[in-house]
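Trainee: The residues making up each chain are set out below.
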Amino acid sequence: MAAVAHADTHVHGHEEAHEHHEPQSFIKKYIFSEDHKVIAKQYLISGIVWALIGGFLSLVFRLQLGYPGIDLGWLKPILGERWFDEAGKLDPNYYIALVTMHGTIMVFFVLTAGLSGTFSNFLIPLQVGARDMASGFINMLSYWFFFLSSVIMFCSLFVQDGPAGGGWVVYPPLSALPDAAPGSGTGMTMWLVSMAIFIVSSLLGSINYVTTVINLRTKGMTFDKMPLTIWAFTFTAILGILSFPVLLSAALLLIFDRSFGTSFYLSDIYINGQALPNQGGSPILFQHLFWFLGHPEVYIVILPALGMTSEIIATNSRKPIFGYKAMIFSMLGIMFLAFIVWAHHMFMTGMNPFLGSVFTLLTLIIAVPSAVKAFNYITTLWRGNIIFTPAMLFSIGLVSFFVSGGVTGIILGNSALDIQLHDTYFVVAHFHLVMGSAAFFGMVAGVYHWFPKMFGRMMNSTLGYIHFWTTFIGAYMVFFPQHYLGIAGFPRRYYAYTGFDFTNKYQDLAQVSTIAAIVVFAANLVFLCNFFYSIFWGKKATQNPWKSNTLEWTTPINVGHGNWEGEIPTVYRWPYDYSKPGAAEDFIPQNIPFSATPESNFPYENELIKEEKEIEGIQFDYSIPD
Amino acid sequence: MSNKLNKSNTATTTVGVQEPAQVLSVNKWKFIVWLFIITIVMLFASQTSAYLVRRAEGNWAEFEIPSIFWISTLVLIVSSITMHLSLQAAKKNENTKLKTLVAITTVLGLVFLGMQYLGWQDLQQQGIYLKGNPSGSFFYIFTGLHMAHLGLGLGILIATFIMAFRLKLDSSNTILVEVCATSWHFLDILWLYLFVFLLYFR
Numbered sequence: 000m001a002a003v004a005h006a007d008t009h010v011h012g013h014e015e016a017h018e019h020h021e022p023q024s025f026i027k028k029y030i031f032s033e034d035h036k037v038i039a040k041q042y043l044i045s046g047i048v049w050a051l052i053g054g055f056l057s058l059v060f061r062l063q064l065g066y067p068g069i070d071l072g073w074l075k076p077i078l079g080e081r082w083f084d085e086a087g088k089l090d091p092n093y094y095i096a097l098v099t100m101h102g103t104i105m106v107f108f109v110l111t112a113g114l115s116g117t118f119s120n121f122l123i124p125l126q127v128g129a130r131d132m133a134s135g136f137i138n139m140l141s142y143w144f145f146f147l148s149s150v151i152m153f154c155s156l157f158v159q160d161g162p163a164g165g166g167w168v169v170y171p172p173l174s175a176l177p178d179a180a181p182g183s184g185t186g187m188t189m190w191l192v193s194m195a196i197f198i199v200s201s202l203l204g205s206i207n208y209v210t211t212v213i214n215l216r217t218k219g220m221t222f223d224k225m226p227l228t229i230w231a232f233t234f235t236a237i238l239g240i241l242s243f244p245v246l247l248s249a250a251l252l253l254i255f256d257r258s259f260g261t262s263f264y265l266s267d268i269y270i271n272g273q274a275l276p277n278q279g280g281s282p283i284l285f286q287h288l289f290w291f292l293g294h295p296e297v298y299i300v301i302l303p304a305l306g307m308t309s310e311i312i313a314t315n316s317r318k319p320i321f322g323y324k325a326m327i328f329s330m331l332g333i334m335f336l337a338f339i340v341w342a343h344h345m346f347m348t349g350m351n352p353f354l355g356s357v358f359t360l361l362t363l364i365i366a367v368p369s370a371v372k373a374f375n376y377i378t379t380l381w382r383g384n385i386i387f388t389p390a391m392l393f394s395i396g397l398v399s400f401f402v403s404g405g406v407t408g409i410i411l412g413n414s415a416l417d418i419q420l421h422d423t424y425f426v427v428a429h430f431h432l433v434m435g436s437a438a439f440f441g442m443v444a445g446v447y448h449w450f451p452k453m454f455g456r457m458m459n460s461t462l463g464y465i466h467f468w469t470t471f472i473g474a475y476m477v478f479f480p481q482h483y484l485g486i487a488g489f490p491r492r493y494y495a496y497t498g499f500d501f502t503n504k505y506q507d508l509a510q511v512s513t514i515a516a517i518v519v520f521a522a523n524l525v526f527l528c529n530f531f532y533s534i535f536w537g538k539k540a541t542q543n544p545w546k547s548n549t550l551e552w553t554t555p556i557n558v559g560h561g562n563w564e565g566e567i568p569t570v571y572r573w574p575y576d577y578s579k580p581g582a583a584e585d586f587i588p589q590n591i592p593f594s595a596t597p598e599s600n601f602p603y604e605n606e607l608i609k610e611e612k613e614i615e616g617i618q619f620d621y622s623i624p625d
Numbered sequence: 000m001s002n003k004l005n006k007s008n009t010a011t012t013t014v015g016v017q018e019p020a021q022v023l024s025v026n027k028w029k030f031i032v033w034l035f036i037i038t039i040v041m042l043f044a045s046q047t048s049a050y051l052v053r054r055a056e057g058n059w060a061e062f063e064i065p066s067i068f069w070i071s072t073l074v075l076i077v078s079s080i081t082m083h084l085s086l087q088a089a090k091k092n093e094n095t096k097l098k099t100l101v102a103i104t105t106v107l108g109l110v111f112l113g114m115q116y117l118g119w120q121d122l123q124q125q126g127i128y129l130k131g132n133p134s135g136s137f138f139y140i141f142t143g144l145h146m147a148h149l150g151l152g153l154g155i156l157i158a159t160f161i162m163a164f165r166l167k168l169d170s171s172n173t174i175l176v177e178v179c180a181t182s183w184h185f186l187d188i189l190w191l192y193l194f195v196f197l198l199y200f201r
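These protein sequence lines map, in sequence, to chains A and B. For the first sequence, numbering that gives the first Met the number 0 gives the first residue as 0, with consecutive numbering after it. For the second sequence, numbering that gives the first Met the number 0 gives the first residue as 0, with consecutive numbering after it.
Keep in mind the hints are simulated off the structure, nothing from the lab. Keep in mind that the hints are not guaranteed to be accurate.
As the list claims (entries may be wrong) - Computed list of lysine to aspartate or glutamate pairs in DMTMM-like fashion (alpha-carbon distance at most 25 Å, straight line):
#, chain 1, residue 1, chain 2, residue 2
1, B, Lys-130, A, Asp-267
2, B, Lys-130, A, Asp-178
3, B, Lys-96, B, Asp-169
Claimed, not checked - With the Cβ distance kept under 8 Å, some of the chain A side facing chain B (calculated, not the full set):
#, residue
4, Ala-133
5, Gly-280
6, His-287
All C-beta atoms in this analysis are idealised placements derived from N, C-alpha and C, irrespective of residue type, glycine included.
Using the sequences plus the hints, can you model the full thing?
Mentor: Rendered as structure tokens:
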């Protein structure tokens, strides 16, 4: 933090000492670190651990769905004796708890903290040209709040009554009454506590990201020269700042209903024939508050992935991103619309049909900016010199999932169609493609692409290709059959298909899903081996292995504390000067001035040469103390 | 140290003349505080809209708001004035005045907290408890949440007082006092909003 803007050593020579960092103790360097790169890696490793747990839980319930009553007794040592009968059959209460925890873990701990936490932390200072985050301390606090919330959530998996079991949306009254079900007891309390801490962590992180982007950009890094990754991370952070407090609100009132006897969400309830004293509450109120966060949350998950893949696709197509400003404005549009569509999750709550059609209209408008993005991806790829690195393949995979999942979104957004499809496997298939798989692919693409910058080594690309093709085909195999289950009317969160005649005949589709899920999980174990092996024994990376334009590739191969040795580079051009006509190489990094590339400048760029002196003349203002 | 001049891309100043350019960015700590304020605004906005949604559904008990809340409101407004004066004192390098005024503000904040608590007791004498009709529950939640946030504000005030006591604050280093003033005024305005809201939508 102290070294953030001390690049201009001429002005403040005596402060130069801050740049030579003393060797730090192990704890300060790797555990309670304030360095954004270390914090990013901490988030990444935590995210990977959570993804393993979340994925494992999904396999357990997928086995039950594909093969109802299957003997899962061999899981007793891990999950506990209590949840399996003598024949090893899974307990239905535990089944719903597994579904709940899978959702919670994947949405919040993997795709929010693991994705934003890793890449916002890692890339924002490196790509805007800052020595570190605005406040390293708040950043560290953010990670350790996340860690605390992780520990609580993890412990809740093993409490006596099992983890929370009301679905990841924790609708009251089920979640508000500890006596309602086993999953509403201690597990639910821990869920709420953990999420409250998670929200604090997420807010601290988001505040830091926005402040860094606004205040700590290097010389010449104007908003119109920022990489799309940074735009996406900023929008994500703003979404978080505006929506997570509302979830805190909802959780707070729920905590009071659970533990202090208030009646915000409860009214006219009988348990075991006994009337509860709670009068006058409204469970729908919770849904409004929850989905006011819940809908922006899906964009918190997908926007960073979209930003990173924009960068990766432009780099590996060796072409400027198509529609840079259109990309920014479509993300802005998505961000704005995210706040006014929440009720499309609530078409079935008996809302006024007119209100339903208003929300239908608003929801369908989201298709416009989303389509702009999809077309921009495709036109960027069009006639590019495409290099199929694993990161590139995963980015293209994201575009594929984003489109095929988005199409079903148009179907679900219609309030009339939603009456049939609400809470069926069609919804499950839709969001697992458009938000789950797409965001996951974006995250994996990011890992492959920025791995050389993180660890100074390359990942094995052959294993990367195996990982990609298995996961890509596998994910479609998992979720495509579920569309048909959903259209046939099979509800989500049900313990078995075999109970009803109309679903019996779809058992084979469920089995396809299950088998594919196991294969995908195995493929990701290959990825993990590749990841951890490459950290230690991977091929040594070069400084700019993907021939990319952004600033992070101007840092040393093993980036030290403070990111750049000596002065932070100055930025003169946008980050997408790939394959520029006349240029010697097919990329011109952002820190190359126009005056150095007369052969490839456009006429208006020759005009900009005059401004270069002025950009270089910008000085950090020390008259305002920190 | 974190401030830099982020020039807009349209060049307005003449090239070559090394004049100190306009400062377009704010201090990062001030920026962070404003972002925190936004999160708190969102928290209370969602709470009050939940209140309105719930109220519109009927079955809503009305009760008198104890008069002590009027006095506590006045106390908080006065504390905001003393906070403002302490910022001016800091800017004028008047350390003794700064210390006194920050101490007065802290004490007034504590008095406010005490009065809110007494107000709760008055409410309980009226038969309004946290349990019961949501109108009463909401009243306790709003005041309680505000008190929790005011506690954080008191923490900043005490930090400011300690720094002032150690003579770390002068006219060249007013960031802490400014941050303190911004958050304290915000907490004041937040309470005024909640109070008027609760009076109007009883």
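Trainee: All hints are to be evaluated individually against the structure, with a verdict given for each.
Mentor: Each hint, compared with the structure:
The suggested pairing of Lys-130/B with Asp-267/A holds, with an alpha-carbon distance near 15 Å, which does not exceed 25 Å. The hinted pair formed by Lys-130/B and Asp-178/A meets the criterion: a straight-line CA distance of about 18 Å does not exceed 25 Å. As the CA atoms of Lys-96/B and Asp-169/B are separated by approximately 12 Å, the hinted pair is consistent with the 25 Å bound. Because the closest C-beta pair between Ala-133/A and chain B is about 5 Å apart, less than 8 Å, the hint holds.
Proximity of Gly-280/A to chain B holds as hinted, the smallest CB-CB distance being about 6 Å (cut-off 8 Å). At about 7 Å, the closest approach between the beta carbon of His-287/A and any beta carbon in chain B falls short of 8 Å, and the interface hint on this residue holds.
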